[in-house]
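Peer 1: Listed here are the chains, written in short residue letters.
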Amino acid sequence: MNELNNGSSVKTDAMDSFADESLFKAFAEARSWEPGWMADLRKESWECYRTLPPSVSKDERWRFSPKARLSHSAFTPPSGKKDETASAIDSSVENLKEHGVTLGLFDEILLSNPSALESLSDLKGPNLGANNIHLLAQAFSEHGIVLHVPKGVTLEKPIMVRHLAPPEGRARFHRTIMILEEGASATLVETFNSPKNQGASLVCSATNIVAKTNSSANRILIQDLNRNSSFYQLDTKRAYRNARVRCCSLHLGSAQSRFENLAIAAEEGAEIDLLGLSVGKGTQLFDQRTRQLHLAPNGRSDLLYKNALMDQSKAIFSGIIKVEEPAQQTDAYQTNRNLLLSPEAEADSLPGLEILANEVKCSHGATIGEIDMEQLFYLLSRGISKASAKELLVNGFLDEVLQRLKNEVIADLLRKHLKENFSH
Amino acid sequence: MSYLEIKDLRVKIEEKKILRGLNLNIPKGEVHAIMGPNGSGKSTLSKVLSGHDDYEVTSGSALLDGDEILGMEPDEISRLGLFLAFQYPLEVPGVSIANFIRAALQGRLTGNETVDAVGYYKDLYASMDELGIDRKFTSRCVNEGFSGGEKKRCEILQMAMLKPKYCILDETDSGLDIDALKIVAKGVNQMRNPDRGILVITHYQRLLEYIVPDKVHVMWEGRIAHSGGKELALELEAKGYDWVREELVA
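Protein chains in written order, with this note's numbering: chain R, 1 to 424; chain A, 1001 to 1250.
Treat the hints loosely; a few may be bogus.
Taking lysine to any residue pairs in the SDA-like style, the calculated list, with each CA pair at most 25 Å apart, reads [to be verified]:
#1 R:LYS390 x A:GLN1087
#2 A:LYS1012 x R:PRO167
#3 A:LYS1165 x R:GLU374
#4 R:LYS390 x A:CYS1141
#5 R:LYS82 x R:LEU155
#6 R:LYS419 x R:SER385
#7 R:LYS419 x A:PRO1093
#8 A:LYS1012 x R:GLU374
#9 R:LYS419 x A:PHE1137
#10 R:LYS386 x A:ALA1098
#11 R:LYS386 x A:CYS1141
#12 A:LYS1239 x A:LEU1181
#13 R:LYS386 x A:SER1043
#14 R:LYS81 x R:PRO167
#15 R:LYS386 x A:GLY1111
#16 A:LYS1215 x A:ARG1010
#17 R:LYS386 x A:LYS1136
#18 R:LYS419 x A:GLN1106
#19 R:LYS390 x A:GLY1107
#20 A:LYS1136 x R:LYS82
#21 R:LYS419 x A:ALA1117
#22 R:LYS390 x A:ASP1134
Here chain A is said to cover these stretches of chain R; the calculated rule only asks that three of the stretch's residues, wherever they fall, bring their Cβ under 8 Å from a Cβ of chain A [to be verified]:
#23 318-332
#24 393-399
#25 410-416
What follows is a set of in silico ranges between Cβ atoms, one per label pair, in the way DEER data are often shown [to be verified]:
#26 A:VAL1118 x R:ILE89: 32 to 42 Å
#27 R:SER92 x A:GLU1144: 15 to 25 Å
#28 R:LYS406 x A:HIS1203: 43 to 53 Å
#29 R:LYS67 x A:ALA1126: 55 to 65 Å
#30 A:TYR1204 x R:GLU374: 40 to 50 Å
#31 A:ARG1135 x R:GLU408: 37 to 47 Å
It should be emphasised that the hints constitute simulated quantities derived from the structure, not laboratory data. Source: prediction; values computed, not measured. Quick reminder that beta carbons are idealized off the backbone N, C-alpha and C, glycines included.
With the sequences and hints as input, model every part of the structure.
Peer 2: Shown next, in the form of structure tokens:
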């Protein structure tokens, strides 16, 4: 974090209320009940944010992105006052305590069991371009979820969590911390919603998943915000020896979203699956940046992102597989497929490899295609209406991703969201 | 009015005339066969009647029980009661057979009606059993990785489930070995009834040994050049199509 504290000048952008000292102080004041280290972390992050050098126009990490649309500066920072509706756990948590599991809302844990969050300052963001937003998430996070599963404990049922967007004009930062100790196993399903007719607000989900030796972490994120919202999903996953991480993000809502996904195979034999699905309507924008980083031998990572784009919607995918020199015998794959359902829909895809080890299996691929007219005719010729036929073809296109979840219950949950999305 | 009645149908594709004044009348309760050499317009006829928009109809009409279907959308034509069994059925990745046929049945319902799931699966399994299709196929994606025979059986399965008034089978025999051919033919024969007209398009007489037609038509350069009884198929097999040409020239 110190690397940015290089004495450059403080932001002078009068429009950016996130840099406004009085607003930050009011926020900190409202949260004076927090442990000192948390206050320090917030302050340090906020100072870092204020001294970030201005963004350069030719930043490769924002290539193809209409960056102004993703700007946060028009929104008001959180007040720091309690809002009980921001996040809620839907699962029964009664018998989890017996097994030593820590599960709670971010604020609750900060109050009742702050030591569970002491590693927070070590949990970095993906920093694939939206470093500023991650600093704000560190500075202004109030809501979110903390899940810590002790050694050898398996949670059979998924933990279901709901997050709600803030009122119009405001920004809200949710932190998700999922830490699985050796041999532990858990599935976390998070859904982001907002009131349908509310105006624009900004939601950020900043997540760190730490999967220790032989553990198995599954995380599903469903973004179903209204189509005025801005959404940032900043994910960092770290898998240790023989750990297995499987993540899937379904993006249906928001006017614009930026999804940065960093996955690190940190020790030998780590396995990571990164799955993504987006359905674009109207002028929705999905900006996706990924980095699969292999540090140790015998790891495997597999990324599959699929975007179905209607109307004037747009998706940008830019991903890189980086295999460091010690990471021999790595298998790493990256696939981005886009289905354009309208002549005005747009997809840009930039897959990439950076391989420093010599004994690896790596591949990347991207496709941008349209609906096959003969396939469509086939469905129509059975009496299926054009709208239903397109829905079937889109769901068929996306289903490959759902099958990779290898969990029919979760796949059906996502199918249900897709179906509802089509009917609106 | 219980006819599929095609009058003076003229169709072109990119300025190339394919159908040149075709007349054909298929009454309910009958099976007609169209035979003809490659390029005579057989597949074009089936696509045009199904509403494919690659073709330009320059004149003529096609009445399904009195309703003009030329110019209608493919899904409307299907719901009106015409079914085309494709020569090359398409693969639909990610869409299971069960969901596909269900969507087709759902398309025939109005308002808030939905397909009754229990009744649907009962009918589906019964039809699959008849056609010797393993019940596991319900969750397979439509035609994906199917053998030629499996694809054609899947077409007949859809036909059986949708219960159309008129069926067109476009070269359903192509790519089938004799065992698969017999199964498909059996499926078609089970669908013969007084309320349904069937048009079988084929190159070869072989299929017509198993689906015995009431009438056989010979298509030549976009027209029906000759019509006769089922024995015409044998005659064509023996003499080849040159004979038709000679007769036309004469």
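Peer 1: Now tell me, hint by hint, if it's right for this structure.
Peer 2: Structure-based check of all given hints:
1. R:LYS390 x A:GLN1087: 23 Å, holds
2. A:LYS1012 x R:PRO167: This hinted pair is violated, its Cα atoms lying about 60 Å apart.
3. A:LYS1165 x R:GLU374: 24 Å, holds
4. R:LYS390 x A:CYS1141: Holds: LYS390 (chain R) and CYS1141 (chain A) sit about 16 Å apart, inside 25 Å.
5. R:LYS82 x R:LEU155: 30 Å, violated
6. R:LYS419 x R:SER385: 16 Å, holds
7. R:LYS419 x A:PRO1093: Roughly 18 Å between the alpha carbons, so the hint for LYS419 (chain R) and PRO1093 (chain A) holds.
8. A:LYS1012 x R:GLU374: 19 Å, holds
9. R:LYS419 x A:PHE1137: 23 Å, holds
10. R:LYS386 x A:ALA1098: Holds, at about 19 Å.
11. R:LYS386 x A:CYS1141: Cα-Cα ~20 Å, so holds.
12. A:LYS1239 x A:LEU1181: Given that 25 Å is the threshold and the Cα spacing comes to 24 Å, the pair holds.
13. R:LYS386 x A:SER1043: Judged against 25 Å, a Cα distance of about 23 Å means the pair holds.
14. R:LYS81 x R:PRO167: Since the Cα atoms of LYS81 (chain R) and PRO167 (chain R) sit roughly 13 Å apart, the hinted pair holds (cutoff 25 Å).
15. R:LYS386 x A:GLY1111: 17 Å, holds
16. A:LYS1215 x A:ARG1010: Satisfied, since the Cα-Cα distance of roughly 23 Å is no more than 25 Å.
17. R:LYS386 x A:LYS1136: Measuring from Cα to Cα gives roughly 28 Å; hence the hint is violated.
18. R:LYS419 x A:GLN1106: 15 Å, holds
19. R:LYS390 x A:GLY1107: At roughly 13 Å apart (the allowed maximum being 25 Å), GLY1107 (chain A) and LYS390 (chain R) satisfy the hint.
20. A:LYS1136 x R:LYS82: With a Cα-Cα distance of about 53 Å, the restraint between LYS1136 (chain A) and LYS82 (chain R) is violated, given a limit of 25 Å.
21. R:LYS419 x A:ALA1117: Answer holds: LYS419 (chain R) to ALA1117 (chain A) is near 18 Å, not above 25 Å.
22. R:LYS390 x A:ASP1134: 28 Å, violated
23. 318-332: violated (count 0)
24. 393-399: holds (count 6)
25. 410-416: Per the Cβ count (0), the hint is violated.
26. A:VAL1118 x R:ILE89: 32 to 42 Å: 37 Å, holds
27. R:SER92 x A:GLU1144: 15 to 25 Å: 40 Å, violated
28. R:LYS406 x A:HIS1203: 43 to 53 Å: 46 Å, holds
29. R:LYS67 x A:ALA1126: 55 to 65 Å: Distance hint for LYS67 (chain R), ALA1126 (chain A) holds at roughly 59 Å.
30. A:TYR1204 x R:GLU374: 40 to 50 Å: Roughly 25 Å apart at Cβ, these two residues miss the hinted range, so it is violated.
31. A:ARG1135 x R:GLU408: 37 to 47 Å: Violated, at about 18 Å.
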